[in-house]
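Trainee: Listed here are the chains, written in short residue letters.
Number of protein chains: 6
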Amino acid sequence: MALKQKYPKDSAVTMTEMVLPNDTNPLHNLMGGRMMHLIDIAGAIAAQKHSQRIVVTASVDNISFHQPIKLGSVITLQARVTRAFNSSMEIYVEVFAENLSMESKILTNRAFLTFVAIDQAGTPINVPELLPETEDEKKLFDGALRRRQLRLILAGRMKPDEATELKLLFED
Amino acid sequence: MALKQKYPKDSAVTMTEMVLPNDTNPLHNLMGGRMMHLIDIAGAIAAQKHSQRIVVTASVDNISFHQPIKLGSVITLQARVTRAFNSSMEIYVEVFAENLSMESKILTNRAFLTFVAIDQAGTPINVPELLPETEDEKKLFDGALRRRQLRLILAGRMKPDEATELKLLFED
Amino acid sequence: MALKQKYPKDSAVTMTEMVLPNDTNPLHNLMGGRMMHLIDIAGAIAAQKHSQRIVVTASVDNISFHQPIKLGSVITLQARVTRAFNSSMEIYVEVFAENLSMESKILTNRAFLTFVAIDQAGTPINVPELLPETEDEKKLFDGALRRRQLRLILAGRMKPDEATELKLLFED
Amino acid sequence: MALKQKYPKDSAVTMTEMVLPNDTNPLHNLMGGRMMHLIDIAGAIAAQKHSQRIVVTASVDNISFHQPIKLGSVITLQARVTRAFNSSMEIYVEVFAENLSMESKILTNRAFLTFVAIDQAGTPINVPELLPETEDEKKLFDGALRRRQLRLILAGRMKPDEATELKLLFED
Amino acid sequence: MALKQKYPKDSAVTMTEMVLPNDTNPLHNLMGGRMMHLIDIAGAIAAQKHSQRIVVTASVDNISFHQPIKLGSVITLQARVTRAFNSSMEIYVEVFAENLSMESKILTNRAFLTFVAIDQAGTPINVPELLPETEDEKKLFDGALRRRQLRLILAGRMKPDEATELKLLFED
Amino acid sequence: MALKQKYPKDSAVTMTEMVLPNDTNPLHNLMGGRMMHLIDIAGAIAAQKHSQRIVVTASVDNISFHQPIKLGSVITLQARVTRAFNSSMEIYVEVFAENLSMESKILTNRAFLTFVAIDQAGTPINVPELLPETEDEKKLFDGALRRRQLRLILAGRMKPDEATELKLLFED
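Residue numbers (the numbering used here), protein chains in the order written: chain A, 85 to 256; chain B, 85 to 256; chain C, 85 to 256; chain D, 85 to 256; chain E, 85 to 256; chain F, 85 to 256.
Honestly, the hints are just simulated from the structure, not real lab data.
Be careful, since some hints might not be right.
Note that the list lumps identical chains together, so a pair holds whenever it fits in one copy or between two copies.
Below, in silico cross-link-like pairs of lysine-lysine (DSS-like), each with a Cα-Cα straight-line distance of 27 angstroms or less [stated by the list, open to error]:
#1 K243 <-> K154
#2 K243 <-> K223
#3 K189 <-> K93
#4 K93 <-> K154
#5 K223 <-> K88
#6 K88 <-> K154
#7 K154 <-> K223
#8 K154 <-> K90
#9 K90 <-> K189
#10 K88 <-> K189
#11 K90 <-> K243
#12 K88 <-> K222
#13 K90 <-> K222
Since the structure is predicted, the reported quantities are computational estimates derived from the model, not experimental observations.
Given these sequences and hints, build the entire structure.
Mentor: Below you can see the structure in the form of structure tokens.
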């Protein structure tokens with residue numbers, strides 16, 4: 085039986101959190117590890133909604149941290165599936181922060197993660213195909229191949245000269 | 085006044101944790117986000133010990149997750165500074181897991197993170213130079229430049245053709 | 085200086101959470117108190133965004149719990165301001181749940197809460213007026229007076245025969 | 085087989101907690117949602133002791149929050165069953181707070197909750213009848229019917245003109 | 085100014101907790117460390133109530149763990165001051181557990197702890213004298229000297245032959 | 085089948101933690117109960133590694149707390165098995181703390197705990213014999229008998245005059 089195709093909007097997730105004391109360092113700023121934890125949960129929920137399966141984190145790409153986020157700030161995570169590959173899904177998460185005095189929120193982090201859908205025995209299982217709709221979604225869909233090759237090279241499972249898609253990164 | 089030079093062993097950190105129910109997914113395996121959180125804490129402690137300053141996470145490189153780690157398993161994180169650059173430090177974290185029936189522990193994750201030392205006002209501040217001693221430490225020290233260029237490219241702050249060190253990665 | 089008027093959409097909050105082991109009872113269902121905690125946080129974030137002030141919970145109205153929500157389910161909380169009164173705001177929170185096998189999420193809880201905006205000394209401080217736009221928002225705005233009277237009666241601070249708005253409830 | 089009758093004192097619960105940093109807002113006062121969580125746990129323990137069954141929260145009535153409770157304060161929750169109806173129980177919880185400099189504690193919150201006893205399959209199951217002993221217990225026992233009607237009206241499951249007991253509230 | 089004298093009942097504490105998943109080991113029994121944590125909190129609250137000061141744990145005596153306590157059980161901690169010495173107080177904590185099917189609770193642990201009252205600068209500060217009233221309280225009051233000598237010997241701060249009170253232990 | 089003999093180093097555990105806000109009292113110092121919790125976890129991991137079984141805490145000996153440990157400090161726990169008795173193991177835990185400005189860490193706590201290895205039914209099960217190697221390990225091994233007698237006396241399960249080993253304590 086063929087799996088239903090799905091759109092990014094079908095599994096898009098918005099997650100909002102308030103920065104609490106235990107999430108912060110001695111300067112009262114959000115700790116990076118707590119942020120990673122939230123990014124993973126937001127991504128896992130999107131992947132679970134797309135696949136309607138239990139999912140496990142397979143990888144997280146490079147994440148940078150630029151601005152300190154103060155205790156009491158509100159952070160909003162937006163997660164959506166960018167592409168599905170057999171049993172795995174790439175998820176894109178954007179993190180926005182706003183404190184009390186801000187009129188608008190600012191983008192503080194961006195992350196790409198991959199998750200694998202598994203059955204009750206822990207065996208990978210196929211997931212629905214992803215159909216990008218908007219321009220933005222199509223761009224993320226196309227870039228997914230290139231990011232996948234970079235992951236394989238960094239994991240030592242692909243030779244750089246085989247990474248035909250990755251060369252686009254270096255020619256941008 | 086010149087800062088004292090330090091060796092990797094001066095700030096090496098071993099962190100051991102037991103996987104508790106709230107760290108696990110419905111199949112009773114450790115969730116990726118919780119692992120990332122632990123990796124960040126281990127790395128931050130090593131960076132804090134090297135710099136004797138408050139540190140903030142600046143970036144985490146690609147992390148892969150291969151084996152499921154069961155509820156009740158013991159995980160051990162080894163973190164050490166690989167190189168210092170002005171106010172930032174690269175930290176290498178290895179994660180090992182062992183469950184009840186295992187005779188020996190297995191390497192489950194590897195991660196490189198960078199931290200920045202800051203003063204009470206949040207301003208970056210210089211840290212001691214790192215002096216690698218062993219062959220392994222020297223190899224990590226040398227690779228730090230290459231990984232730094234990859235981070236800058238991925239963050240859009242360096243052009244690929246300027247990344248002289250990174251080419252070594254593609255020629256390995 | 086007059087405070088800026090604001091629309092409900094300016095402070096609407098979507099909060100998504102995964103039900104973790106520690107949130108559940110021995111039958112692996114979400115505990116009511118954990119749900120209340122999440123409802124309060126979602127409401128507080130909406131009130132904080134509307135007022136751009138620290139807010140404190142002043143009251144929560146009757147909440148019913150109908151369906152068990154299983155471990156591993158995803159719950160989504162939607163919070164929005166329904167009306168502002170000087171320093172206080174009424175917030176409406178809807179909770180939806182979906183488990184792995186569900187095609188769509190179901191409404192599991194509804195709650196009205198009030199929050200008061202305070203300054204750094206803890207003194208109540210005026211908040212922007214709320215301007216309802218949609219039919220739904222106008223209905224919630226109008227009902228806010230009636231719910232307020234019921235709260236005052238239940239708190240023993242208004243006599244039932246003075247509750248002119250509340251009579252509408254008994255005539256619906 | 086008839087279930088044993090029980091007295092309120094048989095299942096009365098006293099719960100004491102210290103307000104910790106993660107329970108507080110940026111002004112270092114206990115957050116409402118954390119208080120609701122504690123009220124639910126205290127009530128659930130009383131209901132579990134009365135029924136000797138797993139219990140689930142069915143509803144919580146209006147709760148007001150008047151005084152800020154500071155970090156480091158001690159809060160004491162008193163919970164007792166007020167009346168049993170087939171498989172459900174109404175519980176009354178009073179919350180007292182005291183800080184370091186206080187000679188005596190003050191009543192900060194009052195709440196009525198209902199819990200349902202269930203078996204391992206999640207099916208509601210009858211609970212022992214409650215026998216009030218003191219004047220105070222008898223008053224709470226009598227008021228339980230009136231509060232129950234208000235809950236049914238608020239949940240849209242009873243018409244106001246059928247609420248014969250509730251009229252007493254408006255005539256008090 | 086002389087400090088007010090106080091009775092044990094003035095600061096007696098009852099603390100009730102439900103055993104949650106994260107408190108348990110893989111056999112779903114309460115972990116010893118979580119129990120110790122609760123014992124310390126109950127003791128600290130009693131010491132804080134007696135002294136109306138911030139208190140810090142100075143020592144905890146030998147604790148034994150006999151019965152497994154299952155997930156979902158209710159545990160009740162009773163803490164009371166047994167004797168005050170200048171700035172320190174000895175506290176006695178008894179822990180009772182009951183699960184769903186139990187008619188009555190059983191005593192599972194007993195512990196003696198000492199706490200020191202400190203001012204805002206962290207300096208020890210005198211506490212009110214304790215006046216035992218009941219036979220049980222007087223016995224605990226008298227035994228406090230003997231337990232104190234044993235602590236001093238175990239900490240290497242008293243020679244065994246100076247422990248005149250401790251000999252009573254060996255002659256019991 | 086005879087169980088394999090093991091050395092202390094085979095199950096030695098190093099655990100590093102950063103003191104977070106929720107671990108601290110209103111003066112921002114680590115609370116004793118949190119420290120006890122960490123000591124128990126470190127000890128349990130060592131006992132689990134030695135026995136390759138689920139373990140439960142059987143007892144913890146007297147622990148003293150001397151220095152305040154500040155928020156943001158790094159604490160390191162070293163746990164190792166000192167001796168095995170049939171199904172039980174004695175574990176020795178040392179705790180070191182260092183804050184940002186310290187050049188070296190200081191010993192803040194020492195604790196002896198006993199754990200029992202159990203099978204899936206909760207029945208005690210034999211563990212490997214411990215073979216001490218170094219002088220320090222042999223001293224801890226020898227002292228284990230004496231400490232065991234003190235525990236039995238304190239638990240009322242041995243008469244003081246039978247405690248032949250314990251007399252060494254009083255003659256030291």
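Trainee: All the hints need checking, so say for each whether the structure fits it.
Mentor: Hints, one by one, checked against the model:
| no. | hint | verdict |
| --- | --- | --- |
| 1 | K243 <-> K154 | neither (42 angstroms within a copy, 32 angstroms between copies) |
| 2 | K243 <-> K223 | both (25 angstroms within a copy, 21 angstroms between copies) |
| 3 | K189 <-> K93 | both (22 angstroms within a copy, 14 angstroms between copies) |
| 4 | K93 <-> K154 | between (31 angstroms within a copy, 24 angstroms between copies) |
| 5 | K223 <-> K88 | within (22 angstroms within a copy, 38 angstroms between copies) |
| 6 | K88 <-> K154 | between (43 angstroms within a copy, 25 angstroms between copies) |
| 7 | K154 <-> K223 | neither (33 angstroms within a copy, 36 angstroms between copies) |
| 8 | K154 <-> K90 | between (37 angstroms within a copy, 25 angstroms between copies) |
| 9 | K90 <-> K189 | between (30 angstroms within a copy, 16 angstroms between copies) |
| 10 | K88 <-> K189 | between (36 angstroms within a copy, 18 angstroms between copies) |
| 11 | K90 <-> K243 | neither (33 angstroms within a copy, 36 angstroms between copies) |
| 12 | K88 <-> K222 | within (19 angstroms within a copy, 39 angstroms between copies) |
| 13 | K90 <-> K222 | within (14 angstroms within a copy, 35 angstroms between copies) |
Checked against the numbered hints listed earlier, the structure breaks hints 1, 7, 11; every other hint is satisfied.
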